[in-house]
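Chemist: Please arrange chains B and C on chain A, whose structure you already have, making use of the hints.
Chains as they are written, first to last, in the working numbering: chain A, 1 to 428; chain B, 1001 to 1083; chain C, 2001 to 2436.
Hints may contain errors.
Stated by the list, open to error - Stretch-level coverage of chain C by chain B, calculated; a stretch enters the list once three of its residues show a Cβ under 8 Å from a Cβ in chain B:
#1 2082 to 2096
#2 2146 to 2154
Stated by the list, open to error - Keeping only pairs whose Cα atoms sit at most 27 Å apart, straight-line, the calculated DSS-like set for lysine-lysine is:
#3 K1052(B) - K2137(C)
#4 K2137(C) - K216(A)
#5 K1052(B) - K216(A)
These are computed hints drawn from the structure, not numbers from a lab. We put the CB at the ideal spot given by N, CA and C, even for glycine.
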Amino acid sequence: MGGDAERRAVITGIGVRAPGGVGTEAFWRLLVSGRTATRTMSLIDPAPFRSRVAAEIDFDPAAEGLSPEQAATYDRATQLALAATREAVASSGLDTGRQDPARVGVSIGTAVGCTASLDQDYQRVSDFGSHWLVDHTATVAQVFDYFVPSSIGRDVAWEAGAEGPVTVISTGCTSGLDAVGYGAGLVRDGRADVVVCGATDAPISPITVACFDAIKATSANNGDPAHASRPFDRNRDGFVLGEGAAVFVIEELAAAYRRGARVYAEVRGFATRSNAYHMTGLTRHGREMAEAIRAAMRQARRDGADLDYINAHGSGTRQNDRHETAAFKRSLGRRAYEVPVSSIKSMIGHSLGAIGSLELAACALAIEYGVIPPTANYEEPDPECDLDYVPNTAREQRVDTVLSVGSGFGGFQSAAVLCRPPAKAVAP
Amino acid sequence: MSGITLSQLVSLIRDCAGESDVADLDGDIADMGFDELGYDSLALLELSARIKQTLGIEVPEGDMRTPGGTVRLINDLASGKDA
Amino acid sequence: MTVTAGPAVEGADGRRTGPARAVVTGVGVVAPNGIGTAEFWAATLAARSGIGLLQRFDASAYPVCVGGEVLDFDDAALLSQRLLPQTDRMTRYALAAADWALADAGLDPAGLGEYDLGVLTAGACGGFEFGQRELQKLWGTGPERVSSYQSFAWFYAVNTGQISIRHGLRGHTSVFVSEQAGALDAAADTARLLRTGTLRAALTGGFDAPLCPWGLVVQLPGGLLSTSRDPERAYLPFDADAAGYAAGEGGALLVVEREDTALRRNAAGIYGRIAGHASTFDPRPGSGRPPALAGAIRGALREARTDPADIDVVFADALGVPDRDREEAAALAEVFGPAAVPVTAPKTLTGRLYAGGAALDMATALLSMRDSVIPPTAGTRAPAPGPGIDLVLGEPRETPVRNALVVARGAGGFNSAIVLSRYVRSPHHRAVTRPA
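With the rest of the complex left out, here is chain A (with noise of 0.2 Å):
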């Protein structure tokens, strides 16, 4: 279309919750330190499972501000999602409180949702599987918060001020992508100028590990933790489960630089398709998730040659890596050998519904401050798996156009374009 009509989705906020460090800061020190922030599991027990390791984030509801009451009764996704939404607002420099609140709107992403607390309430209510017929009077008063993960989107509505469009995008591990992809449309297509989107996710809990162990999903790399998240290397065993939360605030351009506000990036493109294969499994061949990148290239107007970094789903599950790795050789053809690919799974693990929102976050700091971060732990080349992954080391280099990808169950295959905002001379 174009014009003068043309709006534009910008990031101007990001806030980050992931293991290995409190805040973008640290996110962005681990990730180019390439260090891992994987471990034996310690919040809960990990004894009974196949998979004992985690990337846990050491979380202190208190220090992040949130009252006695909310890190009692709220869900960790949520605790986590607030915290989040509390550092991107802030680091936006947005006044809340001078915005229209019905121009504000919220999409947040979440796999799960309150599992967890779902999980600790059934042990309650059903004495430890003893009744089907569960006690009613030993249930919390919360507990239809956790029934409905929707909860997450009204205490960051409530947090943000929004009073727009609010709505939760639950799509498997594709949520991350798949909320920010709807959220910048809010903002692209009118229906909202300010946006807190982003992704959530707090899985650690005794059935997702257990629903995980039951396919073998997960790494059972249980002597080295450190060392378990291996995407693309030729013995991954399966992806290490993780946890966190990244919201960012995104606006119209020609608002956003009205303002004075720091732009991040533009979310340019966004598509997602579904492979229609199976619940679980992915094909060989990657057909869908390279549609999606193609579509989502084309509405960035971008090219293969403008790519600079993509942002792999990276899960180290054996079929993933070469799920995918096909997939970048069958939308991009040659250029595929030639741009640096990554995961940083294999730092902070697979937190399911928030990671592609928290791989969005590293897409962004990768364009403003020119460095791709590495796929750790990679040693030994899969011959099916034969790009350049970025062993081990950042890698100092300009970024202006970066790609992301997430699959998911359920069959979500999504594609994500961030670009380097246009200098503020030539902005609309």
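Modeler: Showing chains B and C alone in chain A's frame:
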């Protein structure tokens, strides 16, 4: 003692992964591939877990190709264990 | 790359026209008072209720014991046996409804491009009964008993994924979670994706089915479920005796297509079109600011370019909780004037279906439009004092329905409103139509 017959295996399959949509499990299916019968990797993971729970025998899902072959694997493992 | 306008449609006569319109060509329903559209619609017009004493489990020890259960759904006859161990009840309903909606639309997915069809559903709480069963195994027996299907059967994205697999739908797929409001947001996003050309057709709607012991128990502390033990008096929205709602299960799916796609394939019938939508969020309690529901309604009317006076019926959210009912009545009075538009809540015959509720209301509104009849609100007798609304009570009201407004509110403050309009063929499409 801890071995299994084809019909016992079939009843475990029905129970954990559902009736086949493409073949009569009471028919001549011993040498049909699980994929031919419509059972995917998740179904085999379920079956593997069920075999372990009921018989105490670990048969990795990747080793299960056909119902007949799986019965032989289980019985070999069972007699090895008994010996 | 703006999302609003999208590529213009080329009419049969070669003229460039406005953005493509989103038309509904198929409906699939699973509701407590009817399985399949015809059965549901007949029951709704006859005010036959699906709310009763809960039968699936013994609820006698709980303070709430009524609800709208789907009791005659024959999943073994409708679905492959391989699907049963891996699906919650709500997914089985969704898969059956998807089959029926596509059949109703006469739409063969193979007839469109590989990425032209999508799935956008709403879910409120996932496959909750499946989740309870697996938690029971986890804590009662041990983690090794947890099913490999637990990794997706409970999670909120499951229905979209399973529908997409069943019908080979590889286009844009998504899942909206905003308790009762999500299905309207999903339908509206579907319409936008059709307008921009990202999709040519999609299934949209929602299903939930948390009527298991724990699914009931988690809703008790909120105090919004009616404790009446009389199924006929358990859900009385806008009534002076309103004291909460009855929970239900089920929902609906719609096939929505671009008008040009539907006409090109000579679709058998068009129920109506998605004309406009908006969603808002209520201010934080204690802010002193008014609820945002009226803003959502006005936004939807604005996008539909429809005057309040041209809305012929409102399908209300109708929570059945007095102060929330008053809020909704006030918002309707503010936009339409006191008692200026017929309002109905046929969900009084099903209970509230979470994400399925607004999806079913959209289906009901389209059937109203088709048959020029507004189904009544059951149960409610003596309207509560407060802003006057013209609630359709007792008998169906026969009247042409050109435009219907569906209102949905999700726990916590989600407000969504959608305008559905009777389909009138765009003038530039006349040339492609064939005589019947």
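Chemist: Determine for every hint whether it applies to the structure shown.
Modeler: Status of each hint after checking the structure:
no. : hint                : verdict
1   : 2082 to 2096        : holds (count 5)
2   : 2146 to 2154        : holds (count 3)
3   : K1052(B) - K2137(C) : 16 Å, holds
4   : K2137(C) - K216(A)  : 18 Å, holds
5   : K1052(B) - K216(A)  : 15 Å, holds
Hint violations for this structure: none, all hints satisfied.
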